[in-house]
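A.B. asks: Protein sequence lines correspond, in order, to chains V and U.
If you're matching positions, the first sequence starts at 5 in my numbering and goes up one per residue.
If you're matching positions, the second sequence starts at 5 in my numbering and goes up one per residue.
Worth flagging that the hints you see were computed from the coordinates, not collected in a lab.
All of these numbers come straight from a predicted model, not from anything done at the bench.
Warning: the hint list may mix true and false statements.
Copies of the same chain look alike in the list, so a pair counts if it works inside one copy or between any two.
[Unchecked claim] As a list, the in silico EDC-like pairs of lysine to aspartate or glutamate whose alpha-carbon atoms are at most 20 Å apart:
(1) 54 with 66
(2) 173 with 15
(3) 228 with 309
(4) 306 with 211
(5) 228 with 241
(6) 210 with 309
(7) 54 with 77
(8) 358 with 380
Number of protein chains: 2
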Amino acid sequence: MDNFRFNAPTEMLFGKGQISNLPEVLSKYGKNVLLAYGGGSIKKNGIYGKIQELLKDYNIVELNGIEPNPRIETVRRGVELCRENDIEVILAVGGGSTIDCSKVVAAGYYYEGDTWDIVIDSSKITNALPIVTVLTLAATGSEMNSGAVISKMDTNEKLGTRANCMSPKTSILDPEYLYTLPAIQTAAGTADIMSHVFENYFKKDKDAFVQDKIAEGLLQTCIKYCPIALKDPANYEARANLMWASSMALNGLTGSGKVGAWSCHPMEHELSAHYDITHGVGLAILTPSWMRYILKDETVDKFVDYAMNVWNLPYNEDKFALANEAIDATENFFKECGIPMTLREVGIDDSKFKEMAEAAVNHGNLQYAYVSLNKEDVYKIFSMCL
Amino acid sequence: MDNFRFNAPTEMLFGKGQISNLPEVLSKYGKNVLLAYGGGSIKKNGIYGKIQELLKDYNIVELNGIEPNPRIETVRRGVELCRENDIEVILAVGGGSTIDCSKVVAAGYYYEGDTWDIVIDSSKITNALPIVTVLTLAATGSEMNSGAVISKMDTNEKLGTRANCMSPKTSILDPEYLYTLPAIQTAAGTADIMSHVFENYFKKDKDAFVQDKIAEGLLQTCIKYCPIALKDPANYEARANLMWASSMALNGLTGSGKVGAWSCHPMEHELSAHYDITHGVGLAILTPSWMRYILKDETVDKFVDYAMNVWNLPYNEDKFALANEAIDATENFFKECGIPMTLREVGIDDSKFKEMAEAAVNHGNLQYAYVSLNKEDVYKIFSMCL
Chain V
5 MDNFRFNAPT
15 EMLFGKGQIS
25 NLPEVLSKYG
35 KNVLLAYGGG
45 SIKKNGIYGK
55 IQELLKDYNI
65 VELNGIEPNP
75 RIETVRRGVE
85 LCRENDIEVI
95 LAVGGGSTID
105 CSKVVAAGYY
115 YEGDTWDIVI
125 DSSKITNALP
135 IVTVLTLAAT
145 GSEMNSGAVI
155 SKMDTNEKLG
165 TRANCMSPKT
175 SILDPEYLYT
185 LPAIQTAAGT
195 ADIMSHVFEN
205 YFKKDKDAFV
215 QDKIAEGLLQ
225 TCIKYCPIAL
235 KDPANYEARA
245 NLMWASSMAL
255 NGLTGSGKVG
265 AWSCHPMEHE
275 LSAHYDITHG
285 VGLAILTPSW
295 MRYILKDETV
305 DKFVDYAMNV
315 WNLPYNEDKF
325 ALANEAIDAT
335 ENFFKECGIP
345 MTLREVGIDD
355 SKFKEMAEAA
365 VNHGNLQYAY
375 VSLNKEDVYK
385 IFSMCL
Chain U
5 MDNFRFNAPT
15 EMLFGKGQIS
25 NLPEVLSKYG
35 KNVLLAYGGG
45 SIKKNGIYGK
55 IQELLKDYNI
65 VELNGIEPNP
75 RIETVRRGVE
85 LCRENDIEVI
95 LAVGGGSTID
105 CSKVVAAGYY
115 YEGDTWDIVI
125 DSSKITNALP
135 IVTVLTLAAT
145 GSEMNSGAVI
155 SKMDTNEKLG
165 TRANCMSPKT
175 SILDPEYLYT
185 LPAIQTAAGT
195 ADIMSHVFEN
205 YFKKDKDAFV
215 QDKIAEGLLQ
225 TCIKYCPIAL
235 KDPANYEARA
245 NLMWASSMAL
255 NGLTGSGKVG
265 AWSCHPMEHE
275 LSAHYDITHG
285 VGLAILTPSW
295 MRYILKDETV
305 DKFVDYAMNV
315 WNLPYNEDKF
325 ALANEAIDAT
335 ENFFKECGIP
345 MTLREVGIDD
355 SKFKEMAEAA
365 VNHGNLQYAY
375 VSLNKEDVYK
385 IFSMCL
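Extracted from the complex, chain V is given alone in its bound form (with noise of 0.2 Å):
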């Protein structure tokens, strides 16, 4: 295990009806609300109306219409609305595209150049304001973690950057807030978590033993419960368990003592920096096709704990058959939430294949991920998704 440092601050919120703390949580930092979300979802779904009724003491500012991938122009717009307005704290409600639009903002505030530099390097964030946050979707995990990814359209760079001072203070998770998903976003927010944990369970250190028994689990959790979740809305055990594992899969336990970089997620930033195309649909296509091109003598005993602790399949001598049926169960689940499983059904074909490529290698260092990967690799994994 890997020297490591934990810390997961954020004061978590859970259950129904815990949004009636939301004035007690905000009155510890100030009046001046900065209210972010995303394309007016809390609207339909009562949110909003509620947070109005629970704030009317509050100078409450809005910045709306963030994307979902967000993008740097709208984290500009944010910085301003906080300077022009006195703002004390900044109120996320959203998933994790709003509460990581926040996260930049906040930290952009105190930082005097252009907020793309926060983004570029993280060790110009000096402080931020503080954020309390409402999650809508169970997926990225920003609630409960300091980082934050933003895109820049106009040069396909979507990038990630991290500080302390941007962890929540406060997060507020109530699973009824995800009865009215939409399917495929309850779907690809479940990619999503499931991702994390495998890109931290896919490591060369073998003697994590707990952090991985934890990352078995939350997988055990997702596949146990989004088809559940799907099948029935507003099953309050599935929706619950799905939403306590998002923030349980990115909040260090599970890549804590495991060092290396991930594989998956710089690839797929490329694919939604050049194609705007859902993260966690990216990253569900991404996944078997990486894990089928990093299997191999090294890694097949990985892929062994994976298929019997958390897929329960039967001990096989042939351990090349076991992982790829892991591998195939995997595809499968993907599939049967729905989750368009190739490049071409969400728009993408091979003609940016070798830009992005590159360009993954380099923003996401994969020369150090589980299995080492170089551009000709990745655009062999890319090619495999079409």
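Given the coordinates of chain V, work out where chain U should sit on it, guided by the hints.
C.D. replies: Below, chain U without anything else, positioned relative to chain V:
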């Protein structure tokens, strides 16, 4: 899943040589440090010397001789020392006893009345000095939570208290510090970790799947690595996984969303309060008898999960046979780890069973446990342990 609040804000610095960060960590709080420790093992294993060397520019006042079941008199002495020396931060070096004592010293500093008051009534805790810990035993989880247990031997009371402000700011966990532990402390510490998980795993709630999967993973960790650490005390992988499991078992991960009182801990607290035995040993003795006592139609399915997911026992149509097999495996595991498994072996006879059973029910609210227990039930469980 019941509503819950999760907050584990302690920064965890994990791994070889993390002690080197101590000056930087302490410098945030001040130069006047109360160094709290137990019986002196830290002088033998070199940690004390290392700390003196690292903190040569700090003003260090010592609170030493903290007992394995820390006593209120020692807490009072600590509070006095803090006040007399304008202490700004407490450095707790040891296991759960030292950390628990330090927590109540930290809170007692701000309380004007007698410190026992804040043990009996946690609502009287308003503030606490910052606490930094260096962990030397994998057991109680106190390094990453807000609770503390203090004993008052003249009245045979051993009681828990809790306050957010008592959570350590930073905990340093170096698995190498466990290499020189006496075997019985490794074993009893593991029993303590497992008991924390059992207390949360065996609850009435049936839908906290994420929490239960984490629980099963932590139990598997203990079962895998305690025997390795006993046979090969300097096995880093074993020590690292046990140490990380200790923090994960009682930081809220396994208990969030699951309501009800604990069972074995309140019973054990009476044994320790009356006979000053090692907490983990008392828990190991009580656990199999408690499990046998509560096994019935309403609980057997949970024991089947425990049998199959923790002990990897093959499915058996006879659920009770399978459950009993798992309970026997639990008892044998503790025995093979070298823990004395009867009360007689630790010098306890039945003379105080009645008194202790009544106190356990009162202090522990055992009517709200997984299976409700009254004083007659506890008396019978104690008798089964003779």
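A.B. asks: Now tell me, hint by hint, if it's right for this structure.
C.D. replies: Against the structure, the hints come out as follows:
Taking the shortest alpha-carbon separations for residue 54 and residue 66, only the intra-copy value of 15 Å comes in at or below 20 Å, while the best inter-copy value is 53 Å. In this homomeric assembly, residue 173 and residue 15 come within 20 Å of each other (Cα to Cα) both inside a single copy, at 6 Å, and across copies, at 15 Å. Taking identical chains as interchangeable, the C-alpha atoms of residue 228 and residue 309 lie at most 20 Å apart whether they share a chain (18 Å) or sit on different chains (16 Å). Within a single copy, residue 306 and residue 211 get their C-alpha atoms as close as 12 Å, which meets the 20 Å cut-off; across copies the closest is 29 Å, which misses it.
Taking CA atoms no more than 20 Å apart as the test, residue 228 paired with residue 241 passes inside one copy only; the shortest distance there is 11 Å, against 31 Å between copies. In this assembly of identical chains, the alpha carbons of residue 210 and residue 309 lie at most 20 Å apart only when taken from the same copy (11 Å versus 27 Å across copies). Taking the shortest alpha-carbon separations for residue 54 and residue 77, neither the intra-copy value of 29 Å nor the inter-copy value of 51 Å comes in at or below 20 Å. Taking CA atoms no more than 20 Å apart as the test, residue 358 paired with residue 380 passes inside one copy only; the shortest distance there is 8 Å, against 75 Å between copies.
Hint compliance for this structure: hint 7 alone is broken.
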